[in-house]
Amino acid sequence: MILDKFFPALYSALGIFLPLITVNCAIFGGVSFMVQREYNFVESVVYGVGAGTGWMLAIVALAGLTEKMKYSDVPAGLRGLGITFITVGLMALGFMSFSGIQL
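In our numbering, the protein residues as written are 75 to 177.
By construction, these hints were calculated from the structure, which means they are not laboratory data. Nothing here was measured: the structure is a model prediction, and the numbers come from that model. From the three backbone atoms N, C-alpha and C, an ideal C-beta is built for every residue, glycine too. Take the hints with a grain of salt, since some may be wrong.
[As the list claims (entries may be wrong)] Pairwise CB distance ranges, derived in the manner of DEER restraints:
1. Val120 to Phe80: 35 to 45 Å
2. Arg153 to Asn114: 45 to 55 Å
3. Asp78 to Thr161: 20 to 30 Å
4. Asp147 to Val119: 38 to 48 Å
5. Ala83 to Glu112: 39 to 49 Å
6. Phe80 to Glu112: 38 to 48 Å
7. Leu155 to Leu94: 13 to 23 Å
8. Ile90 to Val134: 19 to 29 Å
9. Leu77 to Ala132: 22 to 32 Å
10. Ile76 to Asn114: 33 to 43 Å
11. Val109 to Asp147: 44 to 54 Å
12. Gln110 to Ile175: 17 to 27 Å
13. Asp78 to Gly168: 23 to 33 Å
14. Ile101 to Thr140: 19 to 29 Å
With these hints in hand, go ahead and build the complete structure from the sequences.
Have a look at this one:
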């Protein structure tokens, strides 16, 4: 969004590569987390599968909620990005409840 608004030439030049860059940054963050914690191979695989599953569930839930909101009576000022930020914030609060669980 920032690139699109302030640097439109760069945004159009990067095009489809912007989502790929974002995903690569998320993968690098996960790898950095595992290296910092000195996980072995099995722990890394379990963490990777768990993190991937968690991201998939969050994205599917957000897509479902976004689809429902298309047909809802959302105020004009909140349509689009505004209601998406509110939805993501509420989802984050819900997912934060899992942070205190000890297995």
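Results for each hint:
no.	hint	result
1	Val120 to Phe80: 35 to 45 Å	holds, 41 Å
2	Arg153 to Asn114: 45 to 55 Å	holds, 48 Å
3	Asp78 to Thr161: 20 to 30 Å	holds, 21 Å
4	Asp147 to Val119: 38 to 48 Å	holds, 45 Å
5	Ala83 to Glu112: 39 to 49 Å	holds, 43 Å
6	Phe80 to Glu112: 38 to 48 Å	holds, 40 Å
7	Leu155 to Leu94: 13 to 23 Å	holds, 22 Å
8	Ile90 to Val134: 19 to 29 Å	holds, 22 Å
9	Leu77 to Ala132: 22 to 32 Å	holds, 24 Å
10	Ile76 to Asn114: 33 to 43 Å	holds, 39 Å
11	Val109 to Asp147: 44 to 54 Å	holds, 48 Å
12	Gln110 to Ile175: 17 to 27 Å	holds, 22 Å
13	Asp78 to Gly168: 23 to 33 Å	holds, 30 Å
14	Ile101 to Thr140: 19 to 29 Å	holds, 24 Å
In this structure, none of the earlier numbered hints is contradicted; all agree with it.
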